[in-house]
Amino acid sequence: MIKVIFFAALREQLACSTIELAAQGINNVVELKKALIEQHPSWQPHFENTSLLYAVNKTVVDEQHSVSANDEVAFFPPVTGG
Amino acid sequence: MENLDNSIKLSIQNQDFIIADEITWLEQDNTDDGATVTFCGRVRQSNLNKQVFGLFLEHYPGMTEKTISDIIKKAQKKWKIGRISVIHRIGQLNVGEQIVFVGVTSPHRKDAYAANEFIMDFLKVQAPFWKKELTAEGETWLDAKQSDQDKAELWQVK
Chain A
6 MIKVIFFAAL REQLACSTIE LAAQGINNVV ELKKALIEQH PSWQPHFENT
56 SLLYAVNKTV VDEQHSVSAN DEVAFFPPVT GG
Chain B
3 MENLDNSIKL SIQNQDFIIA DEITWLEQDN TDDGATVTFC GRVRQSNLNK
53 QVFGLFLEHY PGMTEKTISD IIKKAQKKWK IGRISVIHRI GQLNVGEQIV
103 FVGVTSPHRK DAYAANEFIM DFLKVQAPFW KKELTAEGET WLDAKQSDQD
153 KAELWQVK
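Protein chains in written order, with the numbering used here: chain A, 6 to 87; chain B, 3 to 160.
No lab work stands behind these hints, which were simulated from the structure alone.
Remember, it's a predicted structure, so these values are computed and weren't measured experimentally.
Don't take each hint at face value.
Unchecked claim - Computed, partial: chain B to chain A, Cβ under 10 Å:
{"no.": "1", "residue": "Q30"}
{"no.": "2", "residue": "T69"}
{"no.": "3", "residue": "V127"}
To be verified - Over 10 Å on every C-beta distance to chain A, these chain B residues come out as not near it, computed from the model:
{"no.": "4", "residue": "H61"}
{"no.": "5", "residue": "H90"}
{"no.": "6", "residue": "V97"}
Virtual Cβ for every residue (Gly too), placed ideally from N, Cα, C.
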């Protein structure tokens, strides 16, 4: 399984904080997004936001980064701490 | 609180902090360093003309600590610094409350000033925190500022 976590505004837009899905057929972040949209078509517009950031196992990566079983993948808007 | 080693203190916490206590931790039995530079960020009253009564701060547990530790390690490579304390609060914070603290000691002031600013600049653009502004009209997630990105990028040319 792949664990996906959403934060901040994105979590509220999707009304979802965490989801798990089968790793089969998912090799990178782009494919993970496709699989999530198949399950939840209403999420598509939110995933088209080009400022969205992705972290695999708590490191920020680009969309082409590999994803495999047991990974934790986070989707979030640009950060605003400090 | 996470003590990465005896010279680094990193804490993500709900509760407030006392700056004097942090300075004591930075300086106690520390006779190598002659300079202590501290920064404290607080919740402002007004942002873009809206009356703000507070903020809600969310973060990504685990990634926050990892990101800030990486920033501290980079600062340690760039400058001769002694002790470092970073505190960031989460949860609901009212106007005037302290949000973030960065304290750095060094033998001399130049490195302490630079390292403190570097840690704060990268914390702002890399550490996974998100602020929701609480106003009379409702709640709004804040947008990231390009000026913060520009400020952090300046370090690459320095």
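Status of the hints after comparison with the structure:
1. Restraint check, B/Q30 versus chain A: the minimum CB separation of about 27 Å is more than 10 Å; hint violated.
2. Hint on B/T69 holds. Least Cβ distance to chain A is approximately 8 Å, under the 10 Å limit.
3. Residue-level restraint check for B/V127 holds (minimum Cβ-Cβ distance to chain A is 7 Å; threshold 10 Å).
4. For B/H61, the requirement that its beta carbon stay farther than 10 Å from each beta carbon of chain A is not met, with the minimum near 7 Å.
5. B/H90, annotated as away from the interface, has a beta carbon of chain A within 10 Å; the closest lies near 7 Å.
6. At roughly 17 Å from the closest C-beta of chain A, the C-beta of B/V97 stays outside 10 Å, upholding its exclusion from the interface.
Going down the numbered hints, you'll see the structure goes against 1, 4 and 5, while the others check out.
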